[in-house]
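Chemist: The chain contents come next:
Protein chains: 4
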Amino acid sequence: MWEFMEREVIPNEEVFLSQINTDPEKRWKTYPPIIEELKQKAKAEGLWSLFMPAEALEKDGWGAGLSVREYAMLAEISGHSMIGAEVFNCNAPDSGNMELLYRYANDDQKRRWLVPLLNGDIRSCFAMTEPAVASSDARNISTSIQRQGDDYVINGRKWYISGAGDPRCRLCIVMGRQIPPESSSSSSSSSSSNKNAVASHVQHSMILVPMDTEGLKVVRPMGVFGFDDAPHGHMEVIFDNVRVPAKESLLFAEGRGFEMAQSRLGPGRIHHCMRLIGMAERALSLMCKRAISREAFGGTLASRHTIQQTIAHSRIDIDTARLLVLKAAQEIDEKGSKGARGLIAMIKVVAPQMAQRVIDRAIQVHGALGFSQDSPLPHLFIAARTLRIADGPDEVHERTVALLELSKHARNRL
Amino acid sequence: MWEFMEREVIPNEEVFLSQINTDPEKRWKTYPPIIEELKQKAKAEGLWSLFMPAEALEKDGWGAGLSVREYAMLAEISGHSMIGAEVFNCNAPDSGNMELLYRYANDDQKRRWLVPLLNGDIRSCFAMTEPAVASSDARNISTSIQRQGDDYVINGRKWYISGAGDPRCRLCIVMGRQIPPESSSSSSSSSSSNKNAVASHVQHSMILVPMDTEGLKVVRPMGVFGFDDAPHGHMEVIFDNVRVPAKESLLFAEGRGFEMAQSRLGPGRIHHCMRLIGMAERALSLMCKRAISREAFGGTLASRHTIQQTIAHSRIDIDTARLLVLKAAQEIDEKGSKGARGLIAMIKVVAPQMAQRVIDRAIQVHGALGFSQDSPLPHLFIAARTLRIADGPDEVHERTVALLELSKHARNRL
Amino acid sequence: MWEFMEREVIPNEEVFLSQINTDPEKRWKTYPPIIEELKQKAKAEGLWSLFMPAEALEKDGWGAGLSVREYAMLAEISGHSMIGAEVFNCNAPDSGNMELLYRYANDDQKRRWLVPLLNGDIRSCFAMTEPAVASSDARNISTSIQRQGDDYVINGRKWYISGAGDPRCRLCIVMGRQIPPESSSSSSSSSSSNKNAVASHVQHSMILVPMDTEGLKVVRPMGVFGFDDAPHGHMEVIFDNVRVPAKESLLFAEGRGFEMAQSRLGPGRIHHCMRLIGMAERALSLMCKRAISREAFGGTLASRHTIQQTIAHSRIDIDTARLLVLKAAQEIDEKGSKGARGLIAMIKVVAPQMAQRVIDRAIQVHGALGFSQDSPLPHLFIAARTLRIADGPDEVHERTVALLELSKHARNRL
Amino acid sequence: MWEFMEREVIPNEEVFLSQINTDPEKRWKTYPPIIEELKQKAKAEGLWSLFMPAEALEKDGWGAGLSVREYAMLAEISGHSMIGAEVFNCNAPDSGNMELLYRYANDDQKRRWLVPLLNGDIRSCFAMTEPAVASSDARNISTSIQRQGDDYVINGRKWYISGAGDPRCRLCIVMGRQIPPESSSSSSSSSSSNKNAVASHVQHSMILVPMDTEGLKVVRPMGVFGFDDAPHGHMEVIFDNVRVPAKESLLFAEGRGFEMAQSRLGPGRIHHCMRLIGMAERALSLMCKRAISREAFGGTLASRHTIQQTIAHSRIDIDTARLLVLKAAQEIDEKGSKGARGLIAMIKVVAPQMAQRVIDRAIQVHGALGFSQDSPLPHLFIAARTLRIADGPDEVHERTVALLELSKHARNRL
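Residue numbers (the working numbering), protein chains in the order written: chain A, 1 to 414; chain B, 1 to 414; chain C, 1 to 414; chain D, 1 to 414.
Bound-form chain A, shown alone:
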């Protein structure tokens, strides 16, 4: 896989960037042809949908039968390039969506959505985060899903829906709050405040909504610092009385949204974290090359102790983070996502901060080049920075780690 990255992916990063349309009108209606070429090559070499759970290979012939830990090492490699994951059909949010459909969709839903996703023919998005509420606290999600006859009617506003800008995106998996059929939305809000936390966690469902459904409006691309990450994008999306047939659109069962969302997170965090490690390795490699080639004040940067210290700290930071993530991956393989929740919380804190730090140092060593479009470093930096917020802020995960630690010493005392 590394050989494929070096031969096909990294040399084509510039081609990819040059093929993104700069005209604001067409920016979201086209996509770089190079990406489809690379996907075909990767598929032909069997480097395809590797993230799929091991059991999917023998049962359905999907994926490569890899354990979470085995795939983790490949996810690191794909992370060296911002386009790596998509080339191998392993990119978020499609990979998480595919895993979700694999686990919870019925056969018809699999045929309609999972198969073309696994083939790389379509793209998908996952609509959870909302601008008005703290999405890290699940009880806050307010987009409503209401049963009306044989349909569900969805109303709400979501943002930072990654992939929703892509012209190939066909499916939107919407997470929303289930409103009892008889209640109006106004009475719902008053009654919900009377319910306790446990109850509120079983109020959410996931609905499969085709992107071209009436009422689903992609309002605008949200920025990540100065980037818009076209053509995938991170879009603001309005659901304005979006109506879909209940039977074919409900994923799994009503009220099971959080349970499914949780199951999606374990391996997904491994993937994110390992890609972050790949990103940090890329940055360190660029840092070293720059340090060797750049001269200032009578010597190469590499000859200075301060730069050497920076390189040493980066190597240490990367290697320790990798060991922790691989340990978490192994624990998922052995105990499942729930049993590994302490380690998963730890890597979610460690890996994004580590990557931000290492990439920031690489930028500093590069000078102005480091924040220019001539370097992959700005994209890497922003990706690492935003992952400190996506999937829950550090503080939430630190609390998980702390409570597990404290529970070793005394139960029921917090």
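Derived by calculation from the structure, the hints in this document are not laboratory data. Possibly wrong hints are sitting among the right ones.
Treat identical chains as interchangeable: a pair holds within one or across any two.
As the list claims (entries may be wrong) - Computed list of lysine-lysine pairs in BS3-like fashion (alpha-carbon distance at most 30 Å, straight line):
#, residue 1, residue 2
1, K338, K289
2, K289, K408
3, K335, K289
4, K408, K327
5, K41, K110
6, K338, K59
7, K43, K29
8, K335, K247
9, K335, K217
10, K338, K110
11, K59, K43
12, K59, K39
13, K29, K327
Here the structure is a predicted model, which means the values were calculated and not measured.
Using the hints provided, position chains B, C and D relative to the given structure of chain A.
Modeler: Quick look at chains B, C and D alone, frame taken from chain A:
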């Protein structure tokens, strides 16, 4: 001034951003009309070109007669908004250029360039940094300036020339290496390697070049993490046999480029650092407002100890940095830039890092909103991050501080 | 004063240490004669009790009429040596006790205790912290003070009572919880739990107890890491039915203990923080001397960039901390301790951490010498470390800073 | 082993401390009897000399046949208590000395020194570091070893010779510079300056010197902050014409001192680092217990987010460090110390800093108790702090890591 910021500037930030042209063709040929409206209002209220040295008021009626320290406090206020400095005609690089022209230009040059700059009628840029060399080491600057008859002929490539994208930009002050009239550029490079550091510092000159001179080509906008900061921009500029009349174009004298560049830096760094403090104050203010208004996990963010700690550290970081910068400003007033060089080096290390840290925390408290176009935080963050590289990386300044400290204990022993 | 430090104090540090008795029996019954010699010299030169409030000079002829800010700069100088403060009769806890007596004691009490303290004839201690409770939360103080007839009877256990080991220590100012005359201690504890926070703050009183009072038992010296700081010490003290005459022993008034303790803290924190800055300056000076003189790997330590960076960061850390403490001192002069409470909280967080960091770096540069008895660095390090805990942990002060900051944006919303 | 620690070792820490003689005269002539009791128990349970290389078990019946990685996990457990390693006869410097003797001593030397050490009947020390030179640069070691007839004569001053204070210490392994038999010490110093680095590394030898040899004077205990770690101690030792028979005293061969010292370091650093991890685990455990039991400001410390954050960071710091050290141990098992030198350098930077940080946080959570003699935390803190200096400062190891990293990208370019 604070009242003007709150009344006129901050509410118009969104207007400014909405008036920037998104069409890549027109992006660099227009500018937001709001900025000129605000400039007229600021001028009318006397909030204009305040950075000018105190003596300029009585001698020529320019500026407001403020000391460096007095202006520093206003620079902080203007830093609360990314458009503040320009509204008050105090923005870099124009302010530094005006100061340079005020100190070193002859009367004709002042009439032609300084007066319209002070009036805010034109904009200017300062072409120093080059892609191929470490510009923090002055000896590396390689753009050539050669006397040919009555002209200077300039050849070279510069990048990150801020303001060069603006359609109102008329003047480019070019820093280059003076080549002896008789020597060819190839022999120059071989001979220069035989010269010592002192000699190489007196090889540079500054030339005033009108932006529309033949051979001066603005090649492309350079990115700063996804942003292009249109319409000013940070442009790559090629000087391809740019020919200007020697007499009217030479600033001050041949070989005095570094001396002038140094004098430009002292007050300029105060301005940058105080604006960074203003930026950090803006971020802290946004952080507090968010913390008070956002609820998660059963309480406002402001009620959590970790958020309180973040706020406290930010207040401490800002206040200590401000005291240090004001101390440096006072020392410039009392001892000049050279006498204050230790403190100037210290603030260049402290202020950008502090601002990056505080703004990064504010982003974290905001969640996804914090890196979106709906918040000023991404622009603030990027501005702080790039200022850790502009004007010399931290390491160079740390060395200055260390050598001054060591020299108290023993001379001539390093 | 600096001249006196260099001439008399610093050269006698080793003498002082060599005169401390190593025999555990006699360790707390003698004190180094050099300290009394130096005190006489300092007194003769007018460098004496300089911390006393400015008004004390004109009213009573005590102190030197210095503002808090003026004295702060002298406190820094005295901090260069661990024995500096005592030589100038400005050492904690005596200085705080003198200020307390000056403000709140009646004339008889002043004659008996304040005058000999100001003369340096006796020493004193301040008994507040208790092993069983978190003393940073005032409501927890549990030592009881009960009126019985014309006496107060005191019962409780205190520790880390600095100065209580000194054979010259004659006075102990005890902070305790006032128990209503009629109530037994058991009913008191149950009733106290029904009272709100405001009430609990006015339950405390301060009592002046001669060290030789029956029932006051100095149990053992408490360690600070491996040091015992003989002969002053930080002692564990038991009050076992200690009985003193109420009229002559009550300081100020019943229930006003916290009010007095608070007033003691403002200037006291300035003194501590400025001494910490002096300690850090001493460490930086030792670091530079070592860096210049020590050779390794083919050059002096001072020639290495990493060491230069360490020196630069230390200079920056010290200078920023000093500016903040002086600003706090000035604010106390202008607005009183209450008006300056935000800044006072900030310096309590900043200065000890800064000093610990700088001294830790100095130790690292010194190698093994840095933690040996041949260097003052271990004492300096431990002093800085313990001051991160004494007078309330960082978190309490950070909360004060945060709440003040948040209150600018919205009142009554936390 | 953990069960033995909980049952026998940890409960006896206080007994150990109480049995150390406080009389300065007798402090270095006795040792706590409890330690010998515990050693007998550990030996009886087979928890003895576990550090010995795996091959020593089958060849000579020594040790437990553990790989470096297997022993590492036990070293962590022993690190929970400051007396753990000695109880299991695995304490530095004896363990390193035993390994050295096992690898390089001849049969007579093994009989005389190794066997009683393995039995725990005697103790030993390793005399390398010198006060006058930077011992991290091996070329600086200046103690002279000169062949005179059938003897070696040793002259020099060493300090921080751990274990040399113990009355049971019988053997001192001295590292010194071999002086050619004919040369005087003065000519040696002038000639040595003409030799290059490679040559200077083969000038050193190791000599086995009985502690009671005439001329070997234990001058004084060196302090580590305020501790002296009696009865082992870290002594200053003078070699004043110490004369020993050449044949029986030379270890291995002349000029091979550094080669032997290097081989001693690999596994030794694993042991140190794993014990540091055990120390950090002990600190975290104490931190959690304190957080659960201590109340302040209306709740337990454990209920506060800031404390939870501290606990989470500590858990993350410990677990990442452990994974790195175990990885290094495994690499030693697979590739030898030289092949693992990058990882060994990394753990030497990571583990002591990590332990210092975690223990410092534990102290902060404990308040004054945390630096008192009633808590093991001060000893743990000091041990971690000094290990940042022992075995070479961080900077030397960072350089090793950096050069290995840079060498991946270009050889021979620094």
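Chemist: Hint by hint, say whether it matches the structure.
Modeler: Here's how the hints hold up against the structure:
1. When the C-alpha separation of K338 and K289 is checked against a cutoff of 30 Å, the pair qualifies only between copies, where the shortest distance is 26 Å, while the shortest distance within a copy is 42 Å.
2. Only between protomers do K289 and K408 lie at most 30 Å apart by alpha-carbon distance; the minimum there is 10 Å, versus 46 Å within a single protomer.
3. For the homomeric pair K335 and K289, the shortest alpha-carbon distance between copies (28 Å) is at most 30 Å, but the shortest distance inside one copy (41 Å) is not.
4. For a Cα distance limit of 30 Å, the shortest separation of K408 from K327 qualifies both inside one copy, at 20 Å, and across copies, at 26 Å.
5. In this assembly of identical chains, the alpha carbons of K41 and K110 lie at most 30 Å apart only when taken from the same copy (25 Å versus 63 Å across copies).
6. For a Cα distance limit of 30 Å, the shortest separation of K338 from K59 inside one copy, 24 Å, qualifies, whereas the shortest one across copies, 47 Å, does not.
7. In this assembly of identical chains, the alpha carbons of K43 and K29 lie at most 30 Å apart only when taken from the same copy (25 Å versus 46 Å across copies).
8. For the identical chains of this complex, K335 and K247 are neighbours neither inside a copy (34 Å) nor across copies (60 Å), given an alpha-carbon limit of 30 Å.
9. Taking the closest pair of Cα atoms, K335 and K217 never come within 30 Å of each other, the shortest separation being 41 Å inside a single copy and 58 Å across copies.
10. In the homo-oligomer, the alpha carbons of K338 and K110 lie at most 30 Å apart inside one protomer (26 Å), although the nearest pairing across protomers, at 54 Å, exceeds that limit.
11. Taking the shortest alpha-carbon separations for K59 and K43, only the intra-copy value of 20 Å comes in at or below 30 Å, while the best inter-copy value is 55 Å.
12. In this assembly of identical chains, the alpha carbons of K59 and K39 lie at most 30 Å apart only when taken from the same copy (24 Å versus 58 Å across copies).
13. For the homomeric pair K29 and K327, neither the shortest alpha-carbon distance inside one copy (42 Å) nor that between copies (49 Å) is at most 30 Å.
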